[in-house]
Amino acid sequence: MKMILTGNESAAWGARLSRPKVVAAYPITPQTSIIETIASFIANGEMDARYIRVESEHSAMAACIAAQNTGVRTFTATSAHGLALMHEMLIWASGARLPIVMSVVNRAMAPPWSVWTDQLDTMAQRDTGWIQIYTENNQEVIDSIIMSYKIGEKHNILLPSMVIEDAFILSHTSEGVDIPEQEKVDEFLGEYDPAFKLDPDEPAGFGSLIMPEGPYMEFRYKMALAMEDARKETGEVVKEFNEIFGRNYSPFVEEYRTEDADAVMVVLGTIGSTAKDVVDNMRGEGYKVGVARVRYFRPFPVEEIRNIARKTNMLGVADRSYSFGPGANLYAETKSSLYGFTDIPVKNYVMGLGGRDITPKILEKVFKDMLLISKKGVVDKEVEWVGLQGDERWS
Amino acid sequence: MIMSLPIGDRMIEIRFHGRGGQGSVMASKILAKAFFMEEKYVSAFPYYGVERRGAPVTAFTRMDDKPIRARYQIYEPDYVIVLDASLIGAVDVLKGLKKDGYILINTIKSPEEMKKVLNHKNIATVDATTIAIKHHLGSQTAPIVNTAILGAFARMSGLVKIETIMDAIRQAAPAKQEENALAAKEAYENVKLGGD
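Residue numbers (my numbering), protein chains in the order written: chain A, 49 to 443; chain B, 2 to 197.
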């Protein structure tokens, strides 16, 4: 069934089709319409779930953790400050090995207040042990939520997932979406089969105190192994989903015209969508450029990034957030993956913070800068801020 | 005269100007829905500023024969639709409008009269306010004109059938579906087209 949906309505549909039994959430712009839509589904009897109204995002995640511990699927959604407030509980959810699925609508962190898109909120949670997938259209939002339950619930993984969409650019944009059939989703996901749960007949404690010689370190090691397994399982699940639902997702990195490219732009989220149009236009004019849209930031696609580096002479990494480290996060991870494998130049382009619009004109200028570097074989500077007020180079 | 731009090989971009409460965002969505019902690819999105009743609101609709990958605002629209003529002067409604593009304005004035205020070739006008009040859409003082103006757009642009606009309205309008659809039809029949 094809419908016109916003990114947030798509997220609500993704949740509905996955049949979580508990949804606990607290409103925050630009996420609110996700949980409003879910509240309507439940009120109308279209979704059989308990909706728990809580007083904060910290409590929303705490409620999801408790509910999931009883052996049911759960779902929640948040943005920016809400996600930051959840931080403690995010680490608990992954450490407790609960495959909760959450929509996150990327929004800038204040001050100054901004409700527009910026990926700092999710980047700041990259070490919480959650799988993170960045989407570029509303179809990918709905499909990724369904796939995230399947991947996270595998007993060799048992990790929670954030399905991430850019504020307004997806969250409030209406476009055609193919809604998967409920029966097919039911068959694809199967009944939730928890690896462990709270059960009065088999009393057990979770999250107890562990002394330094106890297995704390082993718990974390097992999470690391699970994240490694998620790499393999995701490939299988995406393949299965593509076949059943007629899609064409690449598991970790969507490459667009990277074969024979002199320079490839590495991106997350909707920048990749516009960049594909720019690549087509520039290819028409003889510029050999390509795009690598990273879908999963956790687990990070190390091998895929190395393979792209083998095909091209230069990587330009576009980040829609900044991290006060050696460049922004996608850049730092990309460069770290490449160390010792290649000596092609890699440059960081920081752009679009606080929702500043990323136009084809800006991206074309970035591609041309990348091509210049690919010819020279060396970067002029490691980190370039693109589109600052008064900077004529990128306007 | 149908004031349509040649289509087929490129995306069509439409910008709406209205005031908070008039339904500009809903209009951008209903228009997208109508295009979608005619098998086009679409996207509709608002520019979110301060969300206050009466404050200027901008919304956008894109339409194409192939999937739309553009994820940025519309800077050079093919069409501009103004739901509230009092915005003219307060907002640069012609900003970026293509030279051969069209502007549709909700006003009692004729296109010729509007040309004295707006330096643009192709102007169409429709009295959507009177039509909305007649069909009891919104209140006498704050009529909701978004559905009527879409009917006028269908006639002006020739991009979408009026029957499709009416069906999209019936499916998407939160209330008074038939009244809204009839308002669109009346505006379709009464839009005044000016231009070359």
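Source of the hints: derived by calculation from the structure; they are not laboratory data.
Incorrect hints may have been included.
Simulated pairs of lysine to any residue, SDA-like, Cα-Cα distance not exceeding 25 Å [stated by the list, open to error]:
| hint | chain 1 | residue 1 | chain 2 | residue 2 |
| --- | --- | --- | --- | --- |
| 1 | A | Lys-336 | B | Ala-71 |
| 2 | B | Lys-67 | B | Ile-163 |
| 3 | B | Lys-67 | A | Glu-303 |
| 4 | B | Lys-96 | A | Gly-438 |
| 5 | B | Lys-41 | A | Ile-227 |
| 6 | B | Lys-96 | A | Ile-90 |
| 7 | B | Lys-99 | A | Ala-380 |
| 8 | B | Lys-177 | A | Pro-408 |
| 9 | A | Lys-336 | A | Pro-408 |
| 10 | A | Lys-336 | A | Lys-245 |
| 11 | A | Lys-69 | A | Ile-90 |
| 12 | B | Lys-100 | A | Thr-407 |
| 13 | A | Lys-336 | A | Pro-347 |
| 14 | B | Lys-177 | B | Glu-39 |
| 15 | B | Lys-162 | A | Leu-419 |
| 16 | A | Lys-409 | B | Tyr-42 |
| 17 | A | Lys-202 | A | Glu-333 |
| 18 | A | Lys-416 | A | Gly-238 |
| 19 | A | Lys-429 | A | Gly-402 |
| 20 | A | Lys-245 | A | Thr-407 |
| 21 | A | Lys-413 | B | Glu-39 |
Listing some non-contacts, in silico: residues in chain A with all C-beta distances to chain B over 12 Å [said to hold, decoys possible]:
| hint | residue |
| --- | --- |
| 22 | His-106 |
| 23 | Trp-164 |
| 24 | Phe-216 |
| 25 | Tyr-269 |
| 26 | Glu-276 |
| 27 | Tyr-304 |
| 28 | Ile-319 |
| 29 | Asp-325 |
| 30 | Pro-347 |
| 31 | Lys-383 |
| 32 | Lys-409 |
| 33 | Arg-441 |
By construction, the Cβ of each residue, glycine as well, lies at the ideal position given by its N, Cα and C atoms.
Right, here's what the structure says about each hint:
Under the criterion of a C-alpha separation no larger than 25 Å, the hint pairing Lys-336(A) with Ala-71(B) is consistent with the structure, at around 20 Å. For the given pair, Lys-67(B) sits about 23 Å from Ile-163(B) by alpha-carbon distance, which is consistent with the 25 Å threshold. For the hint pairing Lys-67(B) with Glu-303(A), the CA-to-CA distance comes to about 20 Å; that is within 25 Å, so the pair holds. This hinted pair checks out: Lys-96(B) and Gly-438(A) have alpha carbons roughly 21 Å apart, not beyond 25 Å.
A C-alpha spacing of about 17 Å is found between Lys-41(B) and Ile-227(A), which places the hinted pair at or below 25 Å, so the restraint holds. Taken as a hint, the Lys-96(B) and Ile-90(A) pair is broken in the structure, with Cα atoms around 44 Å apart against an allowance of 25 Å. In summary, the hint linking Lys-99(B) to Ala-380(A) is not supported, as the alpha carbons are separated by about 42 Å, beyond the 25 Å threshold. Of the pairs offered as hints, the one joining Lys-177(B) and Pro-408(A) is violated, with about 41 Å between alpha carbons and a cut-off of 25 Å exceeded.
Simply put, Lys-336(A) and Pro-408(A) have alpha-carbon atoms about 16 Å apart, close enough for the 25 Å limit, and the pair holds. Between the alpha carbons of Lys-336(A) and Lys-245(A) the distance comes to roughly 54 Å, so the proposed pair goes past 25 Å and is violated. Restraint check: the Cα-Cα separation between Lys-69(A) and Ile-90(A) comes to about 10 Å, which is no more than 25 Å; the hinted pair holds. A threshold of 25 Å between alpha carbons decides the hint, and for Lys-100(B) with Thr-407(A) the separation of about 21 Å falls inside it, so the pair holds.
A hinted pair counts as satisfied when its Cα atoms are at most 25 Å apart, and Lys-336(A) with Pro-347(A) does not qualify at roughly 30 Å. A C-alpha spacing of about 24 Å is found between Lys-177(B) and Glu-39(B), which places the hinted pair at or below 25 Å, so the restraint holds. At roughly 46 Å between alpha-carbon atoms, Lys-162(B) and Leu-419(A) are farther apart than 25 Å, so this suggested pair is violated. For the hint linking Lys-409(A) to Tyr-42(B), the alpha-carbon distance of about 23 Å falls within 25 Å, and the restraint holds.
For the suggested pair Lys-202(A) and Glu-333(A), the alpha carbons sit about 47 Å apart, so the restraint of at most 25 Å is broken. A distance of roughly 48 Å separates the Cα atoms of Lys-416(A) and Gly-238(A); the hinted pair therefore is violated under the 25 Å criterion. For the hint linking Lys-429(A) to Gly-402(A), the alpha-carbon distance of about 23 Å falls within 25 Å, and the restraint holds. The straight-line distance between the Cα atoms of Lys-245(A) and Thr-407(A) is roughly 49 Å, outside the 25 Å bound, and the hint therefore fails.
Straight-line distance between C-alpha atoms of Lys-413(A) and Glu-39(B) comes to about 36 Å, which puts the hinted pair past the 25 Å bound. The Cβ of His-106(A) sits about 27 Å from the closest Cβ of chain B, beyond the 12 Å cut-off, so the non-interface label holds. With a minimum CB-CB distance of about 8 Å to chain B, Trp-164(A) fails to clear the 12 Å threshold, and the non-interface call is violated. The beta carbon of Phe-216(A) sits about 6 Å from the closest Cβ of chain B, which is not more than 12 Å, so the claim that it is off the interface is violated.
Distance to chain B confirms Tyr-269(A) as a non-interface residue, since its nearest Cβ pair spans about 40 Å, more than 12 Å. Consistency note on Glu-276(A): stated as away from chain B, and its beta-carbon is indeed over 12 Å from all of that chain's, at 33 Å minimum. A beta-carbon of chain B is positioned within 12 Å of the beta-carbon of Tyr-304(A); the least distance is around 10 Å. A beta-carbon of chain B is positioned within 12 Å of the beta-carbon of Ile-319(A); the least distance is around 7 Å.
With a least beta-carbon separation of about 5 Å from chain B, Asp-325(A) fails to lie farther than 12 Å from that chain, contradicting its non-interface assignment. The Cβ of Pro-347(A) sits about 26 Å from the closest Cβ of chain B, beyond the 12 Å cut-off, so the non-interface label holds. With a minimum CB-CB distance of about 26 Å to chain B, Lys-383(A) clears the 12 Å threshold, and the non-interface call stands. Annotated as non-interface, Lys-409(A) brings its C-beta within 12 Å of a C-beta of chain B; the closest such distance is 9 Å.
Every C-beta of chain B lies more than 12 Å from that of Arg-441(A), the closest at about 19 Å, which supports listing it as non-interface.
Checked against the numbered hints given earlier, this structure breaks hints 6, 7, 8, 10, 13, 15, 17, 18, 20, 21, 23, 24, 27, 28, 29, 32; the rest are met.
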